[in-house]
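Take the two lone chains and join them into the complex the hints point to.
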Amino acid sequence: MKSKVNLRTGVRAVFERAEDLFDAGFGGANNPLRHLGALGFLLFWIVAISGLYLYIVLDTGITQVYESVRALSSDPRAPGGILRSMHRYGADGFMLVMGLHLVREWAFGRSHGFRWYSWVSGVPLIWLAFASGIGGYWIPWDRLAQFSALATAEWLDWLPLFGGAISRNFASPGVLNDRFFTLLVFIHLGVPLLLLVALWAHVHRISRVDHFPRRRLAIGTGLTLLLLALIAPARLDAAADLSIVPAEVALDWFILFIHPLAYATSSATAWLFVAAVSVLLLVLPLLPHPARQPVARVSPANCNGCSRCFADCPYAAVVMEPHPDKPGHKLARVIPELCAGCGICAGACPSSTPFRSVEELVTGIDMPQQPVDALRRELAARLARLEAAPRAVVFGCTEAFDVRALEDARTCAISLLCTGMLPPSLVEYALRSGADGVLVTGCREGGCAFRLGNGWIGERLRGEREPHLRASVPAQRLRVLWADARDGERLRAGLAEFRRDLDALGDAHRPRSIVRRIVHHG
Amino acid sequence: MVKPLSLVGQVVLYAAFAAFIGYFASHPKYRHLAPDRAMVKLSMSHFGARECRTRSAAELARLPPNMRAPLECKRERSPLRIEVELDGQTVYRDSIRPTGIARDGVAAVYRRFEVGAGTHRLAVRLNDDARVSGFTHMHEGAVELKPAQILVIDFNPDHGGLFFR
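Here the protein sequences line up with chains S and H, keeping their order.
Yeah, the first sequence ends on 522 if you go by this note's numbering, and it's all consecutive.
Yeah, the second sequence ends on 687 if you go by this note's numbering, and it's all consecutive.
Take these hints with a grain of salt, some might be off.
Here are the computed distance ranges between Cβ atoms for each label pair [to be verified]:
no. : chain 1 : residue 1 : chain 2 : residue 2 : range
1   : S       : Asp-59    : H       : Leu-582   : 54 to 62 Å
2   : S       : Ser-266   : H       : Glu-605   : 18 to 26 Å
3   : S       : Leu-286   : H       : Thr-612   : 49 to 57 Å
4   : H       : Asp-626   : S       : Trp-45    : 45 to 53 Å
Examples of chain S residues toward chain H, derived with CB under 8 Å [claimed, not checked]:
no. : residue
5   : Arg-168
6   : Ala-171
7   : Ser-243
8   : Tyr-263
Everything labelled a hint here was simulated from the structure, so no lab data went into it.
Ideal Cβ placement from N, Cα and C applies to all residues, glycine included.
Okay, chain H solo, but in the shape it has when bound (with noise of 0.2 Å):
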């Protein structure tokens, strides 16, 4: 028989339980970025570029038929050195490495800045490609970013190479 007494406490810490899980599962409120903040992220995966040569007539006629390839390639590609400018000012320089044991593999990078909203000048860098001085690939603009507003600096090649979206 369940005293009345127990049964008001048990009510009372089956409700404080129930309180505590309830608040904590939604609160407090986590704000992540300022409410006049936006955000630029430099999102990019490309294979650098590899060392080839032409292969002479006579060197390809020493091969085995099916392995008569053009270019002879080294395994390594390019690092990707890359420059992100924010109004004038330098906000990311780096050189990423190529991905894999052998450096053949894709080059990744993703990072992110915090910017004020409002009107920016945005000026991107590329170079991917290690037997080229200075860059390869390059973009800048104005940009208007509303408060929360994500930009991303992206790579394609079929796309024309750096943008913004």
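Just chain S, with the same shape it has in the complex (with noise of 0.2 Å):
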């Protein structure tokens, strides 16, 4: 156990080091590590969109193919040439993004709990995803198609459902007729329209989906493609001849490296191999991971029915229902087994201001483990320990860096499930409860352990999102800085660099106190 948590934290470290080396590049909006989901469909549908014309001109006998891959392939630098190399190059960089967006959320841990469902969704997209490209490689009908087609053939002979049969029809010249192209375009667009729809149900169950890149990463990427189709035209070997053994190919190896293994060990091994790697994918959700965050509680008294919890929901945790009691209202209600406990939803509630006069603040939804009230109390307490000026506040994400390293004489730090389920108000309330100012950090642009939280809390600052923060909050003394938890050292300068304006500052933008009129109930 401790050896396999020890290569997952040694896996997401190389994740880490590498994402900070993407990220002086792309920034975190368009770091591709942090987007390989929108980056696989990015290459999805450039090998639909070019498939598509390479169907449309494709001559589909078993000769003729050939010759109209060739004529493609003749002038490679012609549209048609250009987009079948982006086809191919496509594909590879599809198995590419596909196998890191694995490894990444395996190591970032993201494999159990809420996020069973759509890691083992993920599962049989790595098998369609294989079938389409080995198929793909054998519509050419040249050499290596025809190494393929038969080493695929020898594979799936091993199992006891086909004894040789599907090997015969490689097996010598004249076997083979355009019928085998039925059974292409059955494995090559058939695959692909069961990968689509696996990969709608891959994603269905999380809301605002990163089902695109970002325009500056889309095109890069799709320039980069280009550019290799022109610099390294894909290859046409000769024409297929089964009457001798295409003895040395020009494997993709992104694709195509299960015939090797197979050849190397046996049938039974590459078998063995793909169902060893596919059974321990589907249990690890089973195996014993972290326990689950506490779900998010819905009060239906205070709960307004705005849906804002509803919008901002990462995973589609909450739904509006029709309020039992009030006609015409609705409530939120929390699908506990969706619920990440993030706290987004908090956050994103109207009720969770601070400022609200009630003794015990009890928001229309809220996370049991750290409820605003209880955020309330602590804001105000720590406030008033701190004994020197300027009194920061550091709001911070458990998930990023641990601002409590940050505490000092001037300094409190309030870490929560995620920046997301900062109440902007509570920035307010924090400076008009006598900080001079506040400091909100997070998982690093684009990073966010709950995929919107920092995003959301970002817009809701600048007043673009609602709940949003108010206006009249002197913008001097509010600074946000993304930081995830190997960012300690530029928190930390950022922070005494926050506290010297705030020093220059002085007294000047700063908003009035709060005269607290609590109001008892009942």
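This is how it looks when you write it as structure tokens:
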């Protein structure tokens, strides 16, 4: 167990280092490692669109197909040749991105709990992607196609289901006919369609799916494939000839690696490998893992049915239903199996404002492990303990840098389940309760552990999303600085700079203090 | 506004992505067969014989008119017993069971043997009727194989039984 954890943390560390590198080049929002799923969708569409064109121009006969692909490849820098190369490289890119996505999600511990469905539904995607890719390599019916077709047939024939019947189709010239392409069409058009359906199933339980990268990343990736297609056009071997063995082939290792594996070991070993990987991936959510966070809780008396929690939940764990007691009103309901326990819904709830004059602040939707009322009390108590100015309050995220390490005589830090659960009014409350400045931090841009948290709080603090921070709150006294767990030095430096700015600000732009009026109910 | 250094970084990382994909899309080359080797494939799909007896006239008369088949056969078919001999050495000997739960389907075999390029003496023997001892079909001869050439041992009763192609 320990070695598994160590392996995972080790792989995670490698990803984090790589993300640092990519952050420097691309920035958080366009970091491809944080948008591998979206990149996968982009590459899927590149492959699908280029594939549709290729299918239109292909002459689907056993001898004609090679000639039509050769015609395309005769001028690899003409549109047809470029599309063929992009089709092939796009498929390779898809495999690479899919593999990285799988390993990254595992390394970041996203294979269990509320994410089990996304994890398990991703496994058939791998099978379908490889079935589609391998079938695609058969279509040009060149020597590589011949090798792959026979290797696949021999591999399938190991199963007691077929008993050598498939390989016989490729045993000698004259056995294959044009009907072969009926099979290929099934494999290479039908399977990608199934893949698309499976992709939908893979993401349909989360909201606001990252189904396309941002424009800059999409253009960059597309241009890269285009340049690759121009510089190194996809190869076409000599026409298939079933009377000879394709002794040496320029293998696509992203898609066809299973063939050398089967030949170097045995068909049984290759099947065992596929079965073992599949079973391991499928049972991973069942293996011991950290306990789930308590889920969000709705208070019907305080929920006004505004639907903001429904709109902001990254995992579609909140649904709106007719209020049982108030005709014409709606009431939020949490689906426990889908809830990540991130608290983003609490941050979205307008009743989470700490300015409400009640002794116990009960919000429409809240987290039992970190209620907004407890946050308000903790904030007041910690602010009162600060001894020196400028007094800074830091709101952070348990998934990012542990902000409690920043605490000193001038700084109090509150670590939230996710920065997205921070009600913007709590920032104003802190400033009006004696804080000289508020620093909001959390996972790096584009890297929120709960997908949307830092994006939502950023928009709320800028006044672009409800509930928003009031415009009267002085911007000079608020700073947002995203910092992952490994960004301590950068965060400390940012806090020090913020303090200097607050010193320079003096008493300017200071909001008026709160006069609390607590209403005792009942 | 994109910083020039970031732009350079992006170009480098995109280039690395392209180089990685471009290389492993066709390299390193995979050698499936050594340059001086050829391939012999045993590939046949054949229905083994059934054990049948001829119905007597009296038996036929007792049957409804539409069921008066002169032969009454067991459902199960004979397995195929095959031997392949290359340059005097037996390289394959097996009995292939018919497919199907009732063992009434076709018996199929597919095996590949790597051999050195050049001339070889090849002999194939097949028994497709369990009631016959020894072999029901035999074929042998000298074959000349060029490097990477495939020679297929097949069976087709319409082509005289066993044959090489």
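Are Tyr-263/S and chain H close enough, Cβ to Cβ, to be under 8 Å, as the hint says? Because about 7 Å separates Tyr-263/S from the closest Cβ in chain H, which is inside the 8 Å limit, the hint holds.
Is the gap between the beta carbons of Asp-626/H and Trp-45/S within 45 to 53 Å? About 50 Å separates the Cβ atoms of Asp-626/H and Trp-45/S, which means 45 to 53 Å holds.
Regarding the hint that Arg-168/S lies at the interface with chain H, is the smallest CB-CB distance below 8 Å? holds, 5 Å
Is it true that the C-beta distance of Leu-286/S to Thr-612/H lies inside 49 to 57 Å, as the hint says? For Thr-612/H against Leu-286/S, whose Cβ atoms are near 50 Å apart, the range 49 to 57 Å holds.
Measuring from the C-beta of Ala-171/S to each C-beta in chain H, is the shortest one below 8 Å? holds, 4 Å
Measuring from the C-beta of Ser-243/S to each C-beta in chain H, is the shortest one below 8 Å? holds, 6 Å
When you take the CB atoms of Ser-266/S and Glu-605/H, is the distance between them in 18 to 26 Å? holds, 23 Å
So the hint says 54 to 62 Å: do the beta-carbon atoms of Asp-59/S and Leu-582/H match that? holds, 56 Å
Violation of the numbered hints given earlier is absent; every hint is satisfied by the structure.
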